[in-house]
Amino acid sequence: MKLIRDSMVLLVVLSLQATLLYRIEIGGIRPDLLVAFVVYFGWMRGPIPGTLGGFGVGLLQDMDASGPLGMNALAKSVVGFLVARAGFRVHRSNVGVRFAFFFAALLVHDILYYAVATGGDGGEFVKQMFVKALPTALYTAVATLLLLGVAERFTRRRLLTDET
Amino acid sequence: MIRNLLFRRPDWTVFIVTSLVCLSLILLERRAQERVVWFLQHTVLAPAEFAAGWVERGVGVYWENGRLRQRVATLQMEVDAMRAERGENARLRRLLALDQRHPFALVAADVSGRSLDRLGGSLTLDKGEEEGVTANRAILTPEGLVGRVERATAHQARVLTILHRDCAVAARVARTRVEGVIRWNFGDQPTLHLLYVSSQEDVKPGDLVVTSGQGGIFPEGIRIGTVDRVALEPNGLMKEIVVTTAVDFRGLEQVLVYTPGTAEGVAPPDLLEEEAPADSLAAPAPDSAAASAVPASIGATTAPPTGTVAP
Numbered sequence: 025m026k027l028i029r030d031s032m033v034l035l036v037v038l039s040l041q042a043t044l045l046y047r048i049e050i051g052g053i054r055p056d057l058l059v060a061f062v063v064y065f066g067w068m069r070g071p072i073p074g075t076l077g078g079f080g081v082g083l084l085q086d087m088d089a090s091g092p093l094g095m096n097a098l099a100k101s102v103v104g105f106l107v108a109r110a111g112f113r114v115h116r117s118n119v120g121v122r123f124a125f126f127f128a129a130l131l132v133h134d135i136l137y138y139a140v141a142t143g144g145d146g147g148e149f150v151k152q153m154f155v156k157a158l159p160t161a162l163y164t165a166v167a168t169l170l171l172l173g174v175a176e177r178f179t180r181r182r183l184l185t186d187e188t
Numbered sequence: 373m374i375r376n377l378l379f380r381r382p383d384w385t386v387f388i389v390t391s392l393v394c395l396s397l398i399l400l401e402r403r404a405q406e407r408v409v410w411f412l413q414h415t416v417l418a419p420a421e422f423a424a425g426w427v428e429r430g431v432g433v434y435w436e437n438g439r440l441r442q443r444v445a446t447l448q449m450e451v452d453a454m455r456a457e458r459g460e461n462a463r464l465r466r467l468l469a470l471d472q473r474h475p476f477a478l479v480a481a482d483v484s485g486r487s488l489d490r491l492g493g494s495l496t497l498d499k500g501e502e503e504g505v506t507a508n509r510a511i512l513t514p515e516g517l518v519g520r521v522e523r524a525t526a527h528q529a530r531v532l533t534i535l536h537r538d539c540a541v542a543a544r545v546a547r548t549r550v551e552g553v554i555r556w557n558f559g560d561q562p563t564l565h566l567l568y569v570s571s572q573e574d575v576k577p578g579d580l581v582v583t584s585g586q587g588g589i590f591p592e593g594i595r596i597g598t599v600d601r602v603a604l605e606p607n608g609l610m611k612e613i614v615v616t617t618a619v620d621f622r623g624l625e626q627v628l629v630y631t632p633g634t635a636e637g638v639a640p641p642d643l644l645e646e647e648a649p650a651d652s653l654a655a656p657a658p659d660s661a662a663a664s665a666v667p668a669s670i671g672a673t674t675a676p677p678t679g680t681v682a683p
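As given, the protein sequences belong to chains S and W, one line each in that order.
If you count the first sequence from 1, you need to add 24 to reach my numbering.
If you count the second sequence from 1, you need to add 372 to reach my numbering.
In case anyone wonders, no lab produced these hints; they're calculated from the structure.
For glycine and all other residues, C-beta sits at the position ideal for the given N, C-alpha and C.
Mixed in with the good hints, there may be bad ones.
Claimed, not checked - Pair by pair, the computed Cβ-Cβ distance ranges are:
| no. | chain 1 | residue 1 | chain 2 | residue 2 | range |
| --- | --- | --- | --- | --- | --- |
| 1 | S | L170 | W | G438 | 34 to 40 Å |
| 2 | S | V121 | W | W410 | 41 to 47 Å |
| 3 | W | V393 | S | S39 | 24 to 30 Å |
Start from the sequences, fold in the hints, and give me the full structure.
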């Protein structure tokens, strides 16, 4: 049941990311729901599924990407693992905790992503973190909370619960 | 210690192994990375693509049918009118002794999906093989070149834009006809570069860069962008030329698919380009009357494109 639900969520997220999200782009910044999915998956399913899920989603993204293969896979594996380890004992239904987790996870993801993407150029890395990573993390965290709220109201159940 | 890690901390083991796999992939050479992607696309993703194609054909066909019937009726009337005009055009051409151009058609398509990756680089179109959109067709907009079709299913096509590392385009500078290859560079600042241009060649910021037509995928003379910066490479042998694209890829919603050799095609008049600069070294058009009489030349060079107008 969990597998079916997670697959459905992933399918919806993939469709949204590929079709609709560019329409809500603000100044070249759009939410990265795939990272948000990895956070959700790692948080709810634990470190091993989180790591493997992050790897799978990242690799899928890498196959469609212009950058080096493995860049997204690495960033998302780490995020999936860290979120699962760090989020074990926190209240997942609390909005503040959710926001903090999504925002922090996005930043960790982008630190790894841009570290590889900028090829070790410190100045460019810092610039990308301020120009792209921070706004994307903020936008994604807000968009994810809104989407989660809508989905939870629509399905009348909590997608991110304290149960495992 | 390894045994302890494997059995007592399986989560750490999975994490470390996964990270090592990712790092290995990142450190692979580009060719090897392309082989891995090819392998994954043809093994892991093949069943999903097959299933998606099956659903697309099966479910979409009824909905599509009614819409298409209406469209066919409208288009048939337009085709009849255009055939009459084409006949008249041919007669006038014969009268003016103008040469016949290679036929082509432009298929309009909507962008139905975008790259999942943040850096972009690919698009999905809502037209496929059944609409004449096949692999390696050039994708354009009135502003310029977008990319090429990588692969197509019955009603969908995946496009590699010129901002993708696997999409290289034979190009030339319109003013001086200096040739090179346009390739997206994944570096400190992802940019489009005109490569393999000798340090002796004359290229300046502001020069228009167009397709050269070599390679057979992209027709000649389509605008790619303008030269933004010119510098010398560290070895001093080649120029480092950064090009700004003519097309704004962020707002791209509709594109045109170039299908050469299709006699039924017409080019929209807004694909007309401005005259090339006066100091252009390009060969002059064979007949100035020809250039003014042909309303569909794509590109900015004075030389006529290889495939331009329906006969």
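W/V393 and S/S39, beta-carbon distance inside 24 to 30 Å? 27 Å, holds
Do the beta carbons of S/L170 and W/G438 sit within 34 to 40 Å of each other? Taking Cβ atoms as reference, S/L170 and W/G438 lie about 37 Å apart, which means the hint holds.
Are S/V121 and W/W410 spaced within 41 to 47 Å by their CB atoms? Holds, since S/V121 and W/W410 (Cβ atoms, about 43 Å apart) stay within the stated range.
Going through the hint list in order, the structure satisfies each hint without exception.
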